[in-house]
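Could you build the full structure based on these sequences and the hints that come with them?
Top to bottom, those sequences are chains A and B.
Residue numbers are given in my numbering: position 92 of the first sequence equals residue 92, and the series is strictly consecutive.
Residue numbers are given in my numbering: position 17 of the second sequence equals residue 17, and the series is strictly consecutive.
No lab work stands behind these hints: they were computed from the structure.
Cβ coordinates follow ideal geometry from the N, Cα and C atoms, glycine included.
Some clues are possibly wrong.
Unchecked claim - Calculated Cβ distances over 12 angstroms to all of chain B for the following chain A residues: (1) GLN14; (2) GLN39; (3) GLN83; (4) GLY85; (5) ARG112.
Claimed, not checked - Pair by pair, the computed Cβ-Cβ distance ranges are: (6) A:ASP26 / B:PRO61: 19 to 29 angstroms; (7) A:PRO117 / B:GLU20: 40 to 50 angstroms; (8) A:SER109 / B:ARG84: 36 to 46 angstroms; (9) A:SER114 / B:LEU39: 10 to 20 angstroms; (10) B:ASP63 / A:ARG63: 25 to 35 angstroms; (11) B:ARG84 / A:SER42: 33 to 43 angstroms; (12) B:GLU20 / A:GLN57: 16 to 26 angstroms.
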Amino acid sequence: AQKITQTQPGMFVQEKEAVTLDCTYDTSDPSYGLFWYKQPSSGEMIFLIYQGSYDQQNATEGRYSLNFQKARKSANLVISASQLGDSAMYFCAMREGRYSSASKIIFGSGTRLSIRP
Amino acid sequence: GAGVSQTPSNKVTEKGKYVELRCDPISGHTALYWYRQSLGQGPEFLIYFQGTGAADDSGLPNDRFFAVRPEGSVSTLKIQRTERGDSAVYLCASSLPGQGGGEQFFGPGTRLTVL
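Below, the structure is given as structure tokens:
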């Protein structure tokens with residue numbers, strides 16, 4: 001069965017520093033997708049970044065990058081030059097199956113990131 | 001363009017009552033998902049539709065929960081004989097499989113409180 005583990009319940013980071021949020025996953029399906037979502041206090045789930053299991057390069061989206069280490073089943077999110085607006089809950093998630101298929105997403109328990117001015 | 005919308009934003013009901021939660025997905029998105037998020041936890045999958053049919057309803061906790069998507073667009077999640085444990089935020093998401101990574105786009109949620 002698929003599983004997502006986020007071992008950092010909370011983190012505090014100084015503004016403008018880089019931060020890494022940890023995520024490990026478990027699946028027996030060779031085709032899968034990994035996602036990171038941000039959930040501010042307003043409650044909306046905001047899609048940040050996606051990594052496919054067959055992608056050769058790490059995904060990047062602006063200040064977000066995904067450190068994908070397939071052999072270790074690790075998909076850490078790196079946020080460069082953190083900003084006060086980055087304070088939120090961050091969820092790592094996984095979908096089994098190819099991207100062309102709709103499928104449920106399994107979420108981790110989340111990491112609450114707080115940026116200090 | 002318009003995102004996923006959900007109504008109502010808040011719903012307070014009494015134990016034993018019936019409730020309906022509505023989701024309007026992004027136009028053109030064929031897949032629609034329902035999740036439930038309890039306080040301090042990640043969203044838990046309930047059910048998803050591909051078009052009009054429920055492709056996977058393995059997350060529905062029991063037969064008090066039911067969802068429909070009769071025309072392949074708007075979906076309604078129905079909860080019968082509500083219990084206090086049903087209190088949570090119910091999130092709806094939609095996606096277009098094959099577009100990007102198949103990422104799902106979420107609505108603002110409906111906060112259900114069962115007294």
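Exercise for the section: Against chain B, does A:GLN14 hold up as non-interface, every C-beta pair farther apart than 12 angstroms? Expected result: holds (25 angstroms)
Problem - 12 angstroms Cβ clearance of A:GLN39 from chain B - result: violated (9 angstroms)
Exercise for the section: Over 12 angstroms to the closest beta carbon of chain B is the bar; see if A:ARG112 clears it. Expected result: At about 9 angstroms from chain B, A:ARG112 fails to clear the 12 angstroms cut-off, so the statement is violated.
Practice task
Could you let me know if the closest chain B CB is still more than 12 angstroms away from the CB of A:GLN83?
Solution key: The claim holds: A:GLN83 sits with its nearest Cβ about 22 angstroms from chain B, beyond 12 angstroms.
Practice task
Measuring Cβ to Cβ, find out whether A:GLY85 lies farther than 12 angstroms from everything in chain B.
Solution key: Non-interface label on A:GLY85 holds, nearest chain B Cβ at 18 angstroms vs cutoff 12 angstroms.
Exercise for the section: Mind checking the hinted window 40 to 50 angstroms against the Cβ distance between A:PRO117 and B:GLU20? Expected result: Holds - the Cβ-Cβ distance for A:PRO117 and B:GLU20, about 44 angstroms, lies within 40 to 50 angstroms.
Practice task
Could you check the hint for me, namely that B:ARG84 and A:SER42 are 33 to 43 angstroms apart, CB to CB?
Solution key: violated (25 angstroms)
Exercise for the section: For A:ASP26 and B:PRO61, compare the CB-CB distance with the range 19 to 29 angstroms and indicate the outcome. Expected result: holds (23 angstroms)
Handout entry: Distance restraint hint 16 to 26 angstroms, applied to the beta-carbon atoms of B:GLU20 and A:GLN57
Key = Violated, since B:GLU20 and A:GLN57 (Cβ atoms, about 45 angstroms apart) do not stay within the stated range.
Practice task
With respect to the beta-carbon atoms only, verify the hint that B:ASP63 and A:ARG63 lie 25 to 35 angstroms apart.
Solution key: violated (46 angstroms)
Practice task
With 10 to 20 angstroms as the target window, see if A:SER114 and B:LEU39 comply at their CB atoms.
Solution key: Between A:SER114 and B:LEU39, where Cβ atoms are some 18 angstroms apart, the hint holds.
Problem - B:ARG84 and A:SER109 - C-beta distance against the hinted 36 to 46 angstroms - result: Violated: the Cβ-Cβ distance is about 23 angstroms, outside 36 to 46 angstroms.
Of the numbered hints stated above, those contradicted by the structure are hints 2, 5, 8, 10, 11 and 12, listed in ascending order.
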